[in-house]
Each structure stands twice: as structure tokens, then as C-alpha cells.
Amino acid sequence: MTETLRRSPLHDRHVALGAKFAAFGGWQMPLEYAGGGVLKEHTAVREAVGVFDVSHLGKARVRGPGAVDFLNSCLSNDLRRIGPGKAQYTLCCDAGGGVVDDLIAYVHTDDHVFLIPNAANTAEVVRRLRAAAPADVTVADEHEAYAVLAVQGPRSTQVLAGLDLPTEHDYMSFAVAAYDGANLTVCRTGYTGEHGYELVVAAEHAGAVWDALFEAGEAYGVRPAGLAARDTLRTEMGYPLHGQELSLDISPVQARAGWSVGWSKPAFWGRDALIAEKAAGPRRTLWGLESLDRGIPRAHMTVLRGDQPVGEITSGTFSPTKRLGIALALLDAQVGLGEGAGLGEGDVVEVDIRGRRSTMKVVKPPFVTPSVR
Amino acid sequence: MIPEDLRYTDKHEWVSPLQAGATVRVGITDYAQDALGDIVFVELPEAGATVEAGQPFGEVESTKSASEIYAPVTGTVMARNEQLKDKPELINSDPYGAGWLIEIEPADPGAVDDLLDASAYAAVIEQS
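As you go down the protein sequences, you meet chains A and B in turn.
Under our numbering, the first residue of the first sequence carries the number 1, and numbering increases by one thereafter.
Under our numbering, the first residue of the second sequence carries the number 374, and numbering increases by one thereafter.
Keep in mind that the hints were calculated from the coordinates and are not lab data.
Any given hint might turn out to be false.
[Claimed, not checked] Simulated crosslink set (DMTMM-like; lysine to aspartate or glutamate; CA at most 20 angstroms straight-line): (1) B:K437 / A:D293; (2) B:K460 / B:E441; (3) B:K437 / A:D352; (4) B:K458 / B:E416; (5) A:K40 / B:E419; (6) A:K40 / B:D403; (7) A:K40 / B:E462; (8) A:K20 / B:E432; (9) A:K59 / A:D111; (10) B:K437 / B:E462; (11) B:K437 / A:E312; (12) A:K86 / A:D110; (13) A:K59 / A:E142; (14) B:K460 / B:E432; (15) A:K59 / A:E144; (16) A:K20 / B:E425; (17) A:K322 / B:D459; (18) A:K40 / A:D110; (19) B:K437 / A:E290; (20) B:K458 / B:E432; (21) A:K361 / A:D307; (22) B:K460 / A:D293; (23) A:K40 / B:D467; (24) A:K364 / A:D307; (25) A:K20 / B:E476; (26) A:K59 / A:E204; (27) B:K460 / B:E416; (28) A:K278 / A:D78; (29) A:K20 / B:D407; (30) B:K458 / A:D293; (31) B:K460 / B:E476; (32) B:K384 / B:E432; (33) A:K322 / A:E277; (34) A:K322 / B:E462; (35) A:K86 / A:E204; (36) A:K322 / A:E345; (37) A:K40 / B:D459; (38) B:K437 / B:E476; (39) B:K437 / B:D407; (40) B:K437 / B:D403.
Quick caveat, the model's predicted, so the values are computed rather than measured.
Okay, chain A solo, but in the shape it has when bound (with noise of 0.2 angstroms):
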């Protein structure tokens, strides 16, 4: 079955960027610019200023009284910790505790939220949170309507200030603005560890928007930057991927994101699996993997000790800031691995690379030193 793909409203820009593509998502995106490439992508985001186009992401908004409340008895976090102004990351799990999708809730009001899940997911997001709001509260798909831009590293709010948007806010907070008669919101939120911002912007508004982001950008080393440059951004920090770190199989409690779990909420997706897990311990957690040698691991790979598997990797690169290979992986609490078990952190496992053993150091993530704040 073919399926055609979805295109970002700054698909013609990409092309003329010579742009190389690929499918995320049912999204064609931009996977590296012709001039860039992942190593000159990333180190500008890490030292300078990229800007991705992630319009792929999903967005969707929940209108109507107690918009919040009923949200909040269904997504993972408690969004009662946060008020108007404010966004969440936070999951949405199934009655088992599996992960259907990890998104971010921008808090409008209590009557209003707006939610950015993962390409693939957003439909199903949708359709489950559908099935359970009360007649009088709304979930409309806007998958299409906007495109996201995220401006991230340390040059972020120089390019901002350039369009004359708010840059003064809080991590994880959101300010409404305007460029050139074009709404804008404005939120201190990424997925590269860097300062940075994410502006949603209707679709139509898009190209004006990318365009003065990369006039005002200029004079402090803006790149465009694709999606596998955020993929090794974002691995380094060891934030976790739906699909390889949280999937239906691997739980928040595995995944180590029990932090975005309102534990003491009376109800959410999920709540008695989860804490019925959290109590007896996850059978297998996530940990970041070092190579101690030239060895690049990768997703699938087996980590072994001796001849026993303990693991596997879940997502694994070469880290470009630490020139070296990196992984995070899901290791077995059994074999002694895992929190509590007096081993782990600091522990030597190997991983077969296609038939040779490389060593890799475990260590906890992130990987290197975030400076999103």
C-alpha cells in the first residue's frame, strides 16, 4: 500500500535548499540541507542557532468548560501544576500503561488547550480523547492548519528579537504575539537541550515567518537544520522518541519518565498499571550506553554481558558534540542492571555491531550538559 505523503507548508523552501527528504510520520520532511549536513546542523544549534520546520507535528486543540479537568483525567501529568501561559510535556498511555503518544499541552485557559502530539500519533490522540470528552468540551484536529518552526541554540532569542517577538519568558511558558499581522505563539519549549523556542504559526503565515528568521539570523550563523540533526540533538540529551524510548511495549516506568506522571491524580490513562509497575519495579529500564571504543551502536542492537543478553538499544548515533558512539537502551533489571541493584551507572556492557563486540560504558543521560533554561 502506498500512501502519499503530507507536505509542510514550506515544502517549495526545503526544495530550493536542496533539501534531502524523508518520510516521518506520513510527513515528507527534510532530513538534511544541501551545504549542511547532520554535523554542521547540529554543531549550529549547539553553538549558534538552527531553525527546524517540524510542521509534521500534530496539533490539536480541546475547547469548552473544564477542558483542563477533563484532560487532565486522561493525559498522564497533572496539569493542575501548571496554569494559564504554561505547557506540559506530558503522555498519553492506554489502560495497561503502554505509551499511545507523548505530546506537550499549551494551557490557554481552563476552557482551552492546546496539544502538540507526534506525527503518527495525532489521529489516534484524537480519536481516543474523542471517545471519552464530555458532550460540551471539543477535540478538533488542526493537524494542517499550522506549521511549527523551532528556533533553538544559544543565538535563539537574538533571531527572535530580530522579528520583534517576546523572548523573556519562562522555559516551558508560551506568549501570543503577532509578526506582520500573522498570530503567533511563541513557546520556550524544544527537543535539542538548547534555549530555544517553537512558534506555531497558521500555515498560510508560514513562509513569511521562516524567511525573516533566516534574514534576522544571518549575522549570528543561522542554519536551517533537519530532522536527523534533531535526532542526534535530541539523543544526546537523551530525551526519549515515541516509537523507539515509549511505545504501547515500553512503559513510562521503563522509560524513566515517571516524572511526567501525576502519581497522586484519582485518575488518568493508565493510572493502576502504572502504579502497580512503579510499586513491584520495572522489569527493564532505560540507560544511556558510552562506546569506549570506535563502535557507532545503533537501534535493535543486543547488549550483552559476557554471553547473556541484558538489553537491548533503542536508539543509538554517533554524538557529534562528544565525538563518539552513543545509545540509549533498555537493560534488564534482572541481571543485577537497574536502580537499586548496586550495579549500573558506570557498569561495562558490550554490544554485538554486526557480528563484533564493541564496549560501551552505561551511564545515565543526558549526555551532554542541557542549557534549555
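Following the hints, complete the assembly by docking chain B onto the known chain A.
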């Protein structure tokens, strides 16, 4: 970019004409380096190793994946590009020059003439 004076394989290696009548230089093509993306690690056999036409002799690894490199001809490795250990990015920036991989003394010097010429290789890329 497909230099006219080189020979090629359908697996995207290039081979130089015989140098000093004895050895050929081998690398990967511009098309191959572009498809791989930023190369971060290269593994090559040492001088003295033998390689067999069509068989893998080494590996190049980019940020996203690892790929085997295949010997274009059977012969003995006479040298490898030691610069690539610290500067694997030379393969991206100069695939036909400073980014060469190894030098081989072919068992049969005539074997090089059986490889693809530039126009035949261009046709291979066209179809891929």
C-alpha cells in the same frame, strides 16, 4: 560528478588507472558519499591484506548508518589512507582526491579495464 578518467563499480566505488604500472587507488564516488551523509568512521585493511573482487574489504559509517565497501578488483593492499582515521570527513569533501581509501596491486592488471567507465556508471546512478 563522475570523473572521466576513473573506472567504477555498480556498488559506487571508483578505481584510478594503474599508477606507475602497478597499483590502483580506490575510493567511493561522490554519489555514494552524498547518499551516506556525514562520514564519521572508516575501517580499512592494513597494507599486505588481500582483497577479492566483489567482496567487502572495509566499512564507512555515517551519523545514520554503516555501509560495507567492496573490492573492485582482486589483489593486495599496498597502502591505506591514514589521514581518514582522524579526518573521515575528507571522503565527503573530496571523494576522488584526499578522501581515497586504499591502494591495491591487482592480481590481474587487466581486470581494471573490465570495470564500468564513466558513462556506464552514470547509467547505473540514473537507474538507482
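Going down the list of hints, with the structure as the test:
1. B:K437 / A:D293: holds (18 angstroms)
2. B:K460 / B:E441: This hinted pair holds, its Cα atoms lying about 19 angstroms apart.
3. B:K437 / A:D352: holds (17 angstroms)
4. B:K458 / B:E416: Roughly 8 angstroms between the alpha carbons, so the hint for K458 (chain B) and E416 (chain B) holds.
5. A:K40 / B:E419: This hinted pair is violated, its Cα atoms lying about 31 angstroms apart.
6. A:K40 / B:D403: With Cα atoms ~19 angstroms apart, K40 (chain A) and D403 (chain B) stay inside 20 angstroms; holds.
7. A:K40 / B:E462: holds (12 angstroms)
8. A:K20 / B:E432: violated (23 angstroms)
9. A:K59 / A:D111: Status holds; Cα separation ~17 angstroms.
10. B:K437 / B:E462: Status holds; Cα separation ~14 angstroms.
11. B:K437 / A:E312: holds (18 angstroms)
12. A:K86 / A:D110: holds (12 angstroms)
13. A:K59 / A:E142: holds (5 angstroms)
14. B:K460 / B:E432: holds (15 angstroms)
15. A:K59 / A:E144: holds (8 angstroms)
16. A:K20 / B:E425: Violated. K20 (chain A) to E425 (chain B) sits at ~34 angstroms, over the 20 angstroms cutoff.
17. A:K322 / B:D459: Holds - the C-alpha atoms of D459 (chain B) and K322 (chain A) are around 14 angstroms apart, at most 20 angstroms.
18. A:K40 / A:D110: violated (43 angstroms)
19. B:K437 / A:E290: holds (17 angstroms)
20. B:K458 / B:E432: holds (12 angstroms)
21. A:K361 / A:D307: holds (17 angstroms)
22. B:K460 / A:D293: Holds, at roughly 17 angstroms.
23. A:K40 / B:D467: holds (17 angstroms)
24. A:K364 / A:D307: violated (24 angstroms)
25. A:K20 / B:E476: violated (32 angstroms)
26. A:K59 / A:E204: holds (15 angstroms)
27. B:K460 / B:E416: holds (12 angstroms)
28. A:K278 / A:D78: holds (17 angstroms)
29. A:K20 / B:D407: Distance of about 10 angstroms is within 20 angstroms: holds.
30. B:K458 / A:D293: Cα-Cα ~13 angstroms, so holds.
31. B:K460 / B:E476: Given pair K460 (chain B), E476 (chain B) holds - Cα atoms ~18 angstroms apart, limit 20 angstroms.
32. B:K384 / B:E432: Holds, because 13 angstroms separates the two Cα atoms, which is no more than 20 angstroms.
33. A:K322 / A:E277: violated (35 angstroms)
34. A:K322 / B:E462: holds (16 angstroms)
35. A:K86 / A:E204: With Cα atoms ~26 angstroms apart, K86 (chain A) and E204 (chain A) exceed 20 angstroms; violated.
36. A:K322 / A:E345: holds (18 angstroms)
37. A:K40 / B:D459: Satisfied, since the Cα-Cα distance of roughly 17 angstroms is no more than 20 angstroms.
38. B:K437 / B:E476: Not satisfied, since the Cα-Cα distance of roughly 27 angstroms exceeds 20 angstroms.
39. B:K437 / B:D407: At roughly 12 angstroms apart (the allowed maximum being 20 angstroms), D407 (chain B) and K437 (chain B) satisfy the hint.
40. B:K437 / B:D403: holds (18 angstroms)
Comparing the model with each numbered hint stated earlier shows that hints 5, 8, 16, 18, 24, 25, 33, 35 and 38 do not hold.
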